[in-house]
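S.K.: Listed below, chain by chain, are the residues.
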Amino acid sequence: MATATAGNRSWYKRNEIAATPWVFLIPGIFMFSLYVIYPIFQSFWISFHEWDGLGEKTWVGLANYERLLGGDRKFETSFWNNIRWLVLYLLAIPMGLFISLFLNQKVFGIRLYKSMFFFPFVISQVVVGLVFSWFYLPNDGLFDVLVGKIGIDISGGILGNPNTATYGIIAAGLWPQTAYCMILYLTGLNAVDPEQVEAARLDGAKGARMLWYIILPQLKPATFIAFVVTIIGALRSFDFIAVMTNGGPFGSTRVLSFYMFEESLSEFGFRMGYGAAIAVVLFFIMLGFIGYFLKSMYQDEKGAY
Amino acid sequence: MFPTPIAKTTLQWQITYQLLLPIVLAIWLLPLIAVAIFSIKPDADFTNGNYWGMPSSFEMMNNYGKVFFESDMPRYLLNSVFITVPTVIGAVLLSSMTGFALGVYRFKGNLLIFFVFIAGNFVPFQILMVPVRDLTLSLNLYDTKIGLVLFHIAFQTGFCTLFMRNFIRQLPFALIEAARVEGVSEWRIFVYVVLPLMKPALAALSVLVFTFIWNDYFWAIVLTQGPDSQPVTAGITSFNSQYRAAYHLMSAGSIIAALPPVVMFFLMQKHFIAGLTLGAVK
Numbered sequence: 608m609a610t611a612t613a614g615n616r617s618w619y620k621r622n623e624i625a626a627t628p629w630v631f632l633i634p635g636i637f638m639f640s641l642y643v644i645y646p647i648f649q650s651f652w653i654s655f656h657e658w659d660g661l662g663e664k665t666w667v668g669l670a671n672y673e674r675l676l677g678g679d680r681k682f683e684t685s686f687w688n689n690i691r692w693l694v695l696y697l698l699a700i701p702m703g704l705f706i707s708l709f710l711n712q713k714v715f716g717i718r719l720y721k722s723m724f725f726f727p728f729v730i731s732q733v734v735v736g737l738v739f740s741w742f743y744l745p746n747d748g749l750f751d752v753l754v755g756k757i758g759i760d761i762s763g764g765i766l767g768n769p770n771t772a773t774y775g776i777i778a779a780g781l782w783p784q785t786a787y788c789m790i791l792y793l794t795g796l797n798a799v800d801p802e803q804v805e806a807a808r809l810d811g812a813k814g815a816r817m818l819w820y821i822i823l824p825q826l827k828p829a830t831f832i833a834f835v836v837t838i839i840g841a842l843r844s845f846d847f848i849a850v851m852t853n854g855g856p857f858g859s860t861r862v863l864s865f866y867m868f869e870e871s872l873s874e875f876g877f878r879m880g881y882g883a884a885i886a887v888v889l890f891f892i893m894l895g896f897i898g899y900f901l902k903s904m905y906q907d908e909k910g911a912y
Numbered sequence: 461m462f463p464t465p466i467a468k469t470t471l472q473w474q475i476t477y478q479l480l481l482p483i484v485l486a487i488w489l490l491p492l493i494a495v496a497i498f499s500i501k502p503d504a505d506f507t508n509g510n511y512w513g514m515p516s517s518f519e520m521m522n523n524y525g526k527v528f529f530e531s532d533m534p535r536y537l538l539n540s541v542f543i544t545v546p547t548v549i550g551a552v553l554l555s556s557m558t559g560f561a562l563g564v565y566r567f568k569g570n571l572l573i574f575f576v577f578i579a580g581n582f583v584p585f586q587i588l589m590v591p592v593r594d595l596t597l598s599l600n601l602y603d604t605k606i607g608l609v610l611f612h613i614a615f616q617t618g619f620c621t622l623f624m625r626n627f628i629r630q631l632p633f634a635l636i637e638a639a640r641v642e643g644v645s646e647w648r649i650f651v652y653v654v655l656p657l658m659k660p661a662l663a664a665l666s667v668l669v670f671t672f673i674w675n676d677y678f679w680a681i682v683l684t685q686g687p688d689s690q691p692v693t694a695g696i697t698s699f700n701s702q703y704r705a706a707y708h709l710m711s712a713g714s715i716i717a718a719l720p721p722v723v724m725f726f727l728m729q730k731h732f733i734a735g736l737t738l739g740a741v742k
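Residue numbers (the numbering used here), protein chains in the order written: chain E, 608 to 912; chain U, 461 to 742.
Think of the hints as simulated: they come from the structure by calculation, not from any bench. Do not rely on the hints blindly, as some may be mistaken.
[What the hints assert, rightly or not] Quick list of in silico lysine-lysine cross-link-like pairs, BS3-like style, CA-CA up to 30 Å:
#, chain 1, residue 1, chain 2, residue 2
1, E, Lys721, U, Lys742
2, U, Lys659, E, Lys909
3, E, Lys827, E, Lys713
4, U, Lys468, U, Lys742
5, U, Lys742, E, Lys713
6, U, Lys468, E, Lys827
7, U, Lys468, U, Lys730
8, U, Lys730, U, Lys742
9, U, Lys742, E, Lys813
10, U, Lys742, E, Lys902
11, U, Lys568, U, Lys659
12, U, Lys468, E, Lys813
13, U, Lys730, E, Lys721
14, E, Lys909, U, Lys568
15, U, Lys730, E, Lys713
16, E, Lys813, E, Lys721
17, E, Lys620, U, Lys659
18, E, Lys813, E, Lys827
19, U, Lys742, E, Lys827
20, U, Lys730, U, Lys659
21, E, Lys902, U, Lys568
22, U, Lys659, E, Lys827
23, E, Lys909, U, Lys742
24, E, Lys721, U, Lys468
25, E, Lys827, U, Lys730
26, E, Lys713, U, Lys468
27, E, Lys664, E, Lys681
28, E, Lys721, E, Lys827
29, E, Lys721, U, Lys659
30, U, Lys568, E, Lys620
Produce the entire structure from the sequences given, and follow the hints as far as they go.
M.R.: Take a look at the structure:
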């Protein structure tokens, strides 16, 4: 019957199952290509130019990269700060695990406690940054008051001192990030197989050994996601720096994303080409991680497909 | 259950635990508690150096009133609403379609497209900054809410597609098969069979995208300027330069700016957490 009426039916009707996914994909693919995929390549292209964002682009080849990697002090500071962010931000994972273990109980009101602990993640980073910058105020800030009591005096306050400023900002960033990791682990702990735990308990496992050999292996998916979001968060860090120090004091808190922004849209003229080159370097740092994430996810998918 | 359920431990530890909970929470939220107290203090407390003590008088109505009636804050808040709500609708709509296409149909390139969406979502978005700003300028959308909304929709589609597609794959495929046997068109299957089953995913994504976009700062300062179109995250920084060192007003402003996602979170907690922890359990 289908062949008899095929002539009368539209092409779409005849190929419905093959054509539908593409019809559904077109708007999403169009937007995503226009605003995300294509701009990545454009940035590469722009990074080989000198460009003020308005006039003509001038081809300069690798000059931007030569300048960047050939002893740009601001770039070096930014790069090493990014490494600091990456390493220290990962502390959010064990800290989140620790809090989730503390909260994984069934007592009256525990649900409310869990949401209150998660609270910092919901607040915008701009506000968290502001709050911490008041917390760190020299002399009047609560932090200075408290460490002053035990005889520590950081000249200029945490954020005013080039040696401590970056660490102060990272600590502020760790607050919401730890909350995020905590919620991931709480969900993971909920799904831990109780029979395995009981069996291990009968075998005499408890405390740290139980955690290491029985619990953590089962929390692997949660750890993976915590790792992904923390790495991405560390490399994207911008809001905290912009709000808390604006890159200072003496440029000591710049990271690549901030430096890139500064160069591209600075008050001293727009250097889009140089900014794009910085973004490309950041992209390559990220690429190693992206590759690893995608590979892990792809292996899962292939198993399921 | 791990750690050992508290009910099975000694009475001593049970009491200690119950006492410990509020104390640890208070320490954890100390910065927020401080701001909340800041926001109801009178100006005089800060000039007198009474930063961290009790407020000498309660100026809650006064401070919040000033923020609401004597600053650009309401405009910024309204801008945020007009940026966030269309983005949520757009991103959820687009990604329910892409998620449906990638989750239900088997075709060549399916996994590849799926992974392009995921990968794009992982890139440090600074690499998009210069071209996206240029594109927005050339579309004549610089410093407009629409310009910001379009970018947000596009970028969020990456994460949302990942979410939707994985959700749809968990649905019973037999339902779709049955509808096809009945001769229901694919388009109607999407609207009448799949969409109703996706309500939890739609809710989760809506609150998540709402929070992400409301809290966005980077794109707000890249694509907009000034109180005509800037959202509240960007507004709060100019608000602060206007009231430099007026901590009581700055903290009242910050609390107002932070509040909508917080309310959203408490109203839709279950969905919010289900969305954020997607994939944390296999």
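S.K.: For which of the previously enumerated hints does the structure constitute a violation, in increasing order of number?
M.R.: Violated hints: none at all, because every hint is consistent with the structure.
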